[in-house]
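Undergrad: Protein chains in written order, with this note's numbering: chain A, 1 to 360; chain B, 1001 to 1360; chain C, 2001 to 2326; chain D, 3001 to 3326.
The set of hints was computed from the structure by calculation and includes no laboratory data. Even for Gly, the Cβ is constructed at its ideal location relative to N, Cα and C. Warning: the hint list may mix true and false statements.
What the hints assert, rightly or not - Quick list of simulated restraints, FRET-style, between CB atoms:
no.	chain 1	residue 1	chain 2	residue 2	range
1	C	2074	A	344	29 to 39 Å
2	D	3039	A	293	16 to 26 Å
3	B	1333	C	2184	27 to 37 Å
4	C	2074	A	199	13 to 23 Å
5	D	3039	A	33	44 to 54 Å
6	A	360	C	2243	23 to 33 Å
7	A	351	C	2278	12 to 22 Å
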Amino acid sequence: MSTEAKPVPAPASAQKRREKPQSSPAAEGENKAPMGGTTPEERRALLKSMLLQRRFEERCAEAYALGKIGGFCHLYIGQEAISTGTMSMIRPDDYVITAYRDHGQALARGISPRAIMAELFGRDTGTSGGKGGSMHIFDKETNFLGGHGIVGGHVPVAAGVGFAIKYRRGNQLCVCFFGEAAVNIGAFHEALNLASLWDLPVIFIIENNRYGMGTAISRSTANEDVVVRAQGYRMVGESVDGQDVFAVRDAISRAAERARKEKRPTLLEMRTYRFMGHSMSDAVSGTYRTKDELEENMKRDPIIVLHNMMHEAGELTEGDLHKIDDEAKAIAQDSWDFADSSPEPPPEKLYTDVLTDTTS
Amino acid sequence: MSTEAKPVPAPASAQKRREKPQSSPAAEGENKAPMGGTTPEERRALLKSMLLQRRFEERCAEAYALGKIGGFCHLYIGQEAISTGTMSMIRPDDYVITAYRDHGQALARGISPRAIMAELFGRDTGTSGGKGGSMHIFDKETNFLGGHGIVGGHVPVAAGVGFAIKYRRGNQLCVCFFGEAAVNIGAFHEALNLASLWDLPVIFIIENNRYGMGTAISRSTANEDVVVRAQGYRMVGESVDGQDVFAVRDAISRAAERARKEKRPTLLEMRTYRFMGHSMSDAVSGTYRTKDELEENMKRDPIIVLHNMMHEAGELTEGDLHKIDDEAKAIAQDSWDFADSSPEPPPEKLYTDVLTDTTS
Amino acid sequence: MPVVTYRDALTQALREELQRDDRVFLMGEEVAQYNGAYKVSKGLLDEFGPMRIVDTPITELGFAGVGVGAAMVGLRPIVEFMTWNFALLALDQVVNAAAKMLYMSGGQYNMPMVFRGPNGAALQLSAQHSQAWESWLAHIPGLKVCTPGTPADAKGLLKAAIRDDNPVVFLEGEMLYNTKGEVPEGEHVVPIGVADVKREGGDCSIITHGKMVLVAMKIADDLAKEGINLDIVDLRTVRPIDVEAIAQSVQKTNRAVVLEEGWEICGMGAQVVDFIQRECFDDLDAPVLRVHQEDVPMPYAKNLERLAKPDAAKSIAAVKKVLYLD
Amino acid sequence: MPVVTYRDALTQALREELQRDDRVFLMGEEVAQYNGAYKVSKGLLDEFGPMRIVDTPITELGFAGVGVGAAMVGLRPIVEFMTWNFALLALDQVVNAAAKMLYMSGGQYNMPMVFRGPNGAALQLSAQHSQAWESWLAHIPGLKVCTPGTPADAKGLLKAAIRDDNPVVFLEGEMLYNTKGEVPEGEHVVPIGVADVKREGGDCSIITHGKMVLVAMKIADDLAKEGINLDIVDLRTVRPIDVEAIAQSVQKTNRAVVLEEGWEICGMGAQVVDFIQRECFDDLDAPVLRVHQEDVPMPYAKNLERLAKPDAAKSIAAVKKVLYLD
Ligand SMILES: Cc1ncc(C[n+]2csc(CCOP(=O)(O)OP(=O)(O)O)c2C)c(N)n1
Ligand SMILES: Cc1ncc(C[n+]2csc(CCOP(=O)(O)OP(=O)(O)O)c2C)c(N)n1
Ligand SMILES: [Mg+2]
Ligand SMILES: [Mg+2]
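Start from the sequences and build out the full structure, keeping to the hints where you can.
TA: Here you go:
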């Protein structure tokens, strides 16, 4: 990763958006304290979290090329500020649910990198004992509810988690991540109406990386300003610079407050960009997006953005950075070694976990 | 039907709505010419159309009580200004599709009352030869595409008809009727996004009679101001007094113009009220709505509203009215007699129309 | 034992389980204020309040998903579909979420929930409102599927379903709700996966479930008068299927007719036939015959609908055929 | 005859039918600009333009409904599902609209449309992306269901499906797209409903369709070396099913094994067994055996997935069992 300080232009997406009326008063850039009032230690933790995701997934790509990971594998590279910013603002007893592009969120939530890599390798030591794979990371320890493969399918499930919190009069919340292309599917619509109608403490996070597979949002979505949808559900919607971890944290803190105090859901659009192909079988650029567009957006690599801010604040030396980066690489390597040396699930496990034999 | 002139208060729904910001500049009451610039002859035709629906369905209720009609039977009584106003503003080569509450629209579209009643009686002479019944009136002659029983299911189908019109570069349009409760289901959401994204000439008509079965809109819909949804799809939305046939005609003319000239869809909310139970098995009032509310809203019976305007314009004597009403009753009686004397479908027809043996 | 309707037996089960475990709640269209489209939840809103008896908008996919989410974090949802015809819109949640969650999560998240409602045809509801889905649902590993045909089994199986930590599909019937039978009061739990021989006889086995149990009982009386004695095996649950009970009966009678409400191709009956020919190949004195809906969408006209449905006459004809009496 | 892949055979059929009839259009996710998620529609956007090769948002229910509406007014839509797993969300349009429209309208509105895409498992796609739906779809009157296993049948059946005035479900396979075979150029139409005996043999009938045809052909070679000759009946379409072809084969061999990709309970194999025991009761020298996916959601791990899938070894074992050679 190049670390020299660069000017940090807004991403094409952000510029495009600026021409439009903001869908919400509380959009990016209004955070008062520099870097959201975080301490240097907190900022290091954020950088570390993002670097771990990056280095871990670089190894996933390598493992996929070597055939150690199979099936569909969707990398999160470029979107790490969203997972890290979000997880840094919620509680351990809150719930997280996401789609198939789930490695980054799983790592940011604090799930064992070893168990995640082992799951990707299809090993008995994986988060699901090798039964789920890349698209289906689950971890009950951290209330990580998966890893779901049907676009939009998990959005009503998130509303159900919110329902259960309300049912128990808890003050947790549920965070639900999905891509911008999912806003066109029925499940999204039904879930948002229910969440607002019933006052459920759910934060719906649209990770708008501007493409659903090879389809640009302009070719799939009648109104590209997706947060406008929120009004149809009498819900607060907010559009956020997803490449700035502090903007993400700000938005999440407002939404979390709304969920815990007012018991109201929020729809957040995190504007971001996917630096890799849709999945390992998809070219990084050339088919549906140009190399120029990709490079333009890579200038706002969320890790560089954070690094530069810290660097300018004079709190991060090259040495510090390399130390953090080396740690991340070491964890990724350790995860690989652990997964690679773990056994395959034993044949008899084919038939377990179909049904449980417990009753209440 | 009582015909003395009464003061005509706005329905509870309309009053309620007025407190809210109008979702569209072009809402009710802005029609310039009195009674939409119609001629007395046109107004008679509108009154006649609405009376026919009313008298026809009064006989349906009777036939259902006698067991001549079976299954589910959903009456349209109270909503006739919407069917009549809409059909009076579209062309024979346009398309119409609706839900299970379809008698009124079928009659207003000009389908043979005899064939409709025969269908309800399950006879060989019915619109579908007795195979469809009350919920599934189809008539290819008049481009009446049914009668559909799954809430929201026909909304994407309407988008498909619009797609076909565009595909052929025609300048017809498709009118799609559905209830307000259908706006919460996924099919509605997916269809509206597609219709706007692809510029399809479809008029989506929400018949907001304020209840979905026994559920008031406030208990099913996070944002009761349903036309706000239109913005999420970058579509024009308009809220209309569905008890005033002229307001309906005005809104349809604007939407039709938009469909034919700009090839753009429109979402219309027609505010109305169901005077009967949801279906024949549902009490008219008492369970989920009060008798008072019902009576309050029955004061704005669309037939009385039209009658009073014509009466005040001095163009309709009691005699005229009775003549028109008697004609309507006679047609209903003739339909009954025709249906009642028609044969059941022959047994062998059980197996026809499952597949056609034609190919292209 | 008190004689109650199938509807009331279900209401009893719901009430008792709602009282027994406050993690249990009922959600669906018109279940609360309206007391249920078919009144199965009558009185429950008053007793348990709006947080546990929950009216939903018309969003089958959405509220089925809400049930899935609630079950994942420890509640025990009962999701009512007004009819299973509408559940078609929610199958992604039933099949891709509920049925697979335990497996995909490697055993971490079980799904203690019930999807219930009337299945199959009523009277003249036409093609879109008259479909029987048990063969589709029985096809899916990760689900259990109950198809009670009597009030006692309705109560006992619903209680078992609600207590089960797996997703259970529970198929009722509009035409069954008013039928009556003896139902044990209070604690009466029928194990899922165990068939019930509803009548003993040596001449021919009838393998059936759900609504068709009543037809089987009726023709058994008629045929008994002719000296033909039927052995009626009520599967009660079609996933898992009690293959042993089927085999025992057919090994005794050497003949079988399978009755079901739905369509022929890949219907439940086909699977039962497959089990029989595998388990009882040398016992069979005649091919197993099936009775089912005609292979057409359900017509509205009363006379055509009658012809389309499986009935006593068709069932008797099938029995006589396997007995070579025709 | 030119040897082409299954994928190219499908592309040929699409191109030829798009050229033949300008009412035909293709719609689905990534079919146009991306040239198809599996490249089946490669080059078609360039040739036919965006009005006939239509990219859709991710709205299976919505665009399936668009297809239904377009078909009602005379177009001939080909609706591509990226995979049939996602079609679960659109089944209401397939089952309640497309399959019933002709009947509900008393013959007024036929539905000249095709729903197509890959069905069943590929490699390590896990539980939600590895499902085979042919038994569900074959259950529904009003549909036709094609399951070609070879490039020639893929082309010939797709052309027939597109020309058919009924709604046709067309099930392909990711694992089939790269398989090769001889495919007639130009006009090559395979009638829907006619099975094809892919190999003649007197010892045991193999009844199968789709992907499993390849497994059948493979084990036929292996077993021939052992002197066991298989009669392979490729159903090619599972609705309608060519019962006569099945019966002819079994009457000749007196033994049968049914191979399918999907789950056991109420699978296609169950229906085939039902037909066989009815049509060939006195011909059978052994119970008919079935080979199918294990009764579990598809696991991700390579070794477990291999164990879950039906394969040559399981098929050979079944054949030897019906031949009492084990
Ligand atoms: C219902 C459904 N349809 C299609 C697919 C295939 N598919 C997987 S991911 C994807 C694109 C989703 O894009 P988006 O929601 O923007 O998320 P992103 O991949 O960009 O993170 C598609 C079409 C699916 N998994 N589910
Ligand atoms: C998907 C689906 N769910 C449930 C039903 C049962 N049902 C039929 S009509 C209806 C109420 C619909 O209300 P609305 O859309 O407002 O139309 P209205 O009956 O008021 O004209 C319901 C719940 C159905 N037909 N389809
Ligand atoms: Mg995206
Ligand atoms: Mg309504």
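Undergrad: Look at each hint and say if it fits the structure.
TA: Cross-check of the supplied hints:
Evaluation of the 29 to 39 Å hint for residue 2074(C) and residue 344(A) yields a pass: the beta carbon distance comes to about 32 Å. One distance hint, 16 to 26 Å for the beta-carbon pair residue 3039(D) and residue 293(A), holds here, with the actual separation near 23 Å. A hinted range of 27 to 37 Å for the beta carbons of residue 1333(B) and residue 2184(C) is inconsistent with their spacing of about 55 Å. The given range of 13 to 23 Å is respected by residue 2074(C) and residue 199(A), whose C-beta atoms sit roughly 20 Å from each other.
Between residue 3039(D) and residue 33(A) the beta carbon distance is about 52 Å. The supplied range of 44 to 54 Å therefore holds. Our hint of 23 to 33 Å for residue 360(A) and residue 2243(C) holds, since their Cβ atoms are close to 27 Å apart. Between residue 351(A) and residue 2278(C), the C-beta spacing of about 20 Å keeps the proposed range 12 to 22 Å intact.
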